[in-house]
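Undergrad: Protein sequence lines correspond, in order, to chains C and D.
For what it's worth, UniProt numbering labels the leading residue of the first sequence as 1, then goes sequentially.
For what it's worth, UniProt numbering labels the leading residue of the second sequence as 1, then goes sequentially.
Just so you know, the hints here were simulated from the structure itself, not pulled from any lab data.
Here the structure is a predicted model, which means the values were calculated and not measured.
Virtual Cβ for every residue (Gly too), placed ideally from N, Cα, C.
A hint or two may mislead.
[As the list claims (entries may be wrong)] To be clear about the criterion: a stretch of chain C counts as covered by chain D if any three or more of its residues have a C-beta under 8 Å from a C-beta of chain D, and this derived list gives those stretches: (1) 93-107; (2) 188-201; (3) 374-380; (4) 407-417; (5) 437-451.
There are 2 protein chains.
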Amino acid sequence: MTIDHGANMNHLEQLKDAVPADIVVTDPDLMEGYRRDSADLVPAGKPVAVLRPRCTAHVSAIMSWATRTNTIVVPRGAGTGLSGGATALDGCVVVSMEHMTAIRDFDVANHTVVVEAGVVNADVGRAVASAGLFYPPDPGSFEVSTIGGNLATNAGGMRCVKYGVTRNSVLGLEVVLADGRVLHTGGQTVKNVAGLDLTQLFIGSEGALGIITSATLRLRPTPAATATFVATFPTLETGGRALNAIFASGVTPSMLELMDNATINAVEDYRRMDLDREAALLLIGQADGTDALAQVERMATCCDEAGADLSVATADPTESDMFLQARRLAGWATMEQFPTVVEDVGVPRTRLAELLTTIAEISRDTGVRIATVGHAGDGNLHPMLLLPDLGEDARRRAMETADRICAAAIALGGTITGEHGVGELKREWLTHQLDDISLDVQARIKRALDPALLLNPGRGF
Amino acid sequence: MTIDHGANMNHLEQLKDAVPADIVVTDPDLMEGYRRDSADLVPAGKPVAVLRPRCTAHVSAIMSWATRTNTIVVPRGAGTGLSGGATALDGCVVVSMEHMTAIRDFDVANHTVVVEAGVVNADVGRAVASAGLFYPPDPGSFEVSTIGGNLATNAGGMRCVKYGVTRNSVLGLEVVLADGRVLHTGGQTVKNVAGLDLTQLFIGSEGALGIITSATLRLRPTPAATATFVATFPTLETGGRALNAIFASGVTPSMLELMDNATINAVEDYRRMDLDREAALLLIGQADGTDALAQVERMATCCDEAGADLSVATADPTESDMFLQARRLAGWATMEQFPTVVEDVGVPRTRLAELLTTIAEISRDTGVRIATVGHAGDGNLHPMLLLPDLGEDARRRAMETADRICAAAIALGGTITGEHGVGELKREWLTHQLDDISLDVQARIKRALDPALLLNPGRGF
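Please model the complete structure; the sequences and the hints are all you need to start from.
TA: This is the structure in structure tokens:
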């Protein structure tokens, strides 16, 4: 896609007539912090301005202006994205939703909350907790990332295995279209088939079809109890067998995560937690509800029977938290120690052990260290490429390694991205997964809603 | 929308060159059975042919031909739709998917099954039951209706309250586009954010964006146990209070249904079940899993505390089935006794008692008898309009009554259709629920995928 449009200073003066001047940031030092998201390998362009709207009317005025002036717009949440979907393009305006943080409505009895796009995921949870409710989607970045970004990427997390991904917890959206019109999708009801489901279309569209300004989220009752198990395995194969036994057992885990040997060691190096440095694989799982302990005990038994070296099941919250901490630390432990590229591939769940084995082979071949964590219950792995530095050679080898991991996932009937999105980083890999017909249908929908290709062009699909 | 295209006999001869002649039905007597679905009030047009493809290649050839000859196509499942979405249009070809009944793949370990569009919903359940799995979506028509129709309308059912609607159990689709190309969406993985979610866009699009030929469905492990409660209430208000208490209690019903006084009596008239003919409302609910009985007992306690006349909780399967039979009979009981128009409105769950009260008022005003059943746990009601006959006066009063019911649902923050779809019947009401911006966005998507407006034009949105 050729991008031949960009804002100039004359255009920015026109914008300042349409919105409060203080939402228009042109100071280069300030703008620097808005050029990248968390995808280190994606080159960042230079925006002409960063816009920080405080309400939907501001966003609407911005998009009307962008359409009049043919200006490219890159919407942005907290910048935690790992695929470069919020990386600035040359000549664009970045629209940061950070100041749209109102909780517009909280309907306790109907288990719904209406939040603006800039509300941090964890703040939704905190706002509803005292009513005995919670918001299930919990991407690793949940303490930092915003609902708008979560919606744009259809973010996942550890609780998805039971409660579904972001799109399964949304009843309706407010979206500003490319031409500045404000669209309302969905509603307040749990079931609704009145027309095309535009809510579902905008979720996961990575800012390329419109800017989501607000969402009606569906909450769930906080479970009565939670229990946790941990198990370690001498080989990937025994661990894979345990996972298949758990899937076949009929239990409903509320979390089912894995860490490979490299991750276990990265965590131990970062903070001593007495994990088994020799284990090939560690599984950690939870169940919730009144029968939580019985369910995790059943999962632990599956592990024992498959050949686990060790398994522990507990309903004690402190002990559970400690187990969970090891998993939560995995990302930080590697990112603090190495420049890290976080991959995000998915396969049918029973192919996990095969994918892990292939990833180990790829690592040996390319010489790039890989530590893999993942949402085992969903077949979604995050191989983390631990680079010595971000020099040209390291980058090249990282891309080659990621290339081979994506190819391996596709070969196993999988996907190049389970929950991080395509962004800019994965656009080429997307063409390996999807055929021309699929890409053409997506391009038609893009042109139907954004004919001038102003919204995050070249991203997402 | 003006429809000025239709097939002629010369065109049909061209079609017979492209597909086996025996899939083209032009016998008027045979075609008569394909003119209507189950929406009695929608006038049926006259098709020039009924096409019964046996494979995706046939459907592709049909759509290529339809595009070449500018022929309108009305896709059709089992014809159980209640909104006229499969009613024939004058000069159209009806494409009946009844002969595409293959189960292409069943991956027991990954809990997925790939079925063609013509497979009956209940046959999916029967095919996977011995593996300890089930397919959750269970529209009232599940013994007759096909997966293709279920997908086209995003069908609901009684189990949605726990397991979600049809769109929550689909991982991927095979779709024939208006121009005959075959699109594959989604995949085999539980999580997948590679590009726009076209799977979700086609589900609920009522045959207006493409013809779904096959789907990869997600199955669930059959629950260890199921328990059931029934409660009757002296007033709508006490019943509504019980529902709100259940929602607030944190239990997870796997079914939560209601029947009003008129429905109770219609069922008792049809088959004696010793229901309380004086009750204003009957609730019937289930929970599943190892703690099923404890959960239904908690729901029964909510009912008692809210003022139920009677409540019973049981884990006995025979007794459970008996309770369930009363609810399942409701539709048949009314439809066998009266010409019936089945409405399908939804409201936020806590507004159910208000909606029931308003429906009773509307019935008194218009003189149309109404018996209401519904998926209480989802806030989705089916007021059944019991007509004395299908004469002009009765039809007029039915439409006026339905009009007021839809208006009442919208006024309570609800929807004109929770699970049946818009079809042809509800197109005008759709314009009362959705604004011009929403309708414009939907029309743009329609034109992007079906520029000549050949696929089920004027239906769905």
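Undergrad: Against each hint, give a clear statement of whether it holds in the structure.
TA: Hint check results:
{"no.": "1", "hint": "93-107", "in the structure": "violated (count 1)"}
{"no.": "2", "hint": "188-201", "in the structure": "holds (count 13)"}
{"no.": "3", "hint": "374-380", "in the structure": "holds (count 4)"}
{"no.": "4", "hint": "407-417", "in the structure": "holds (count 5)"}
{"no.": "5", "hint": "437-451", "in the structure": "holds (count 10)"}
Hint 1 from the list above is the single one not met by this structure.
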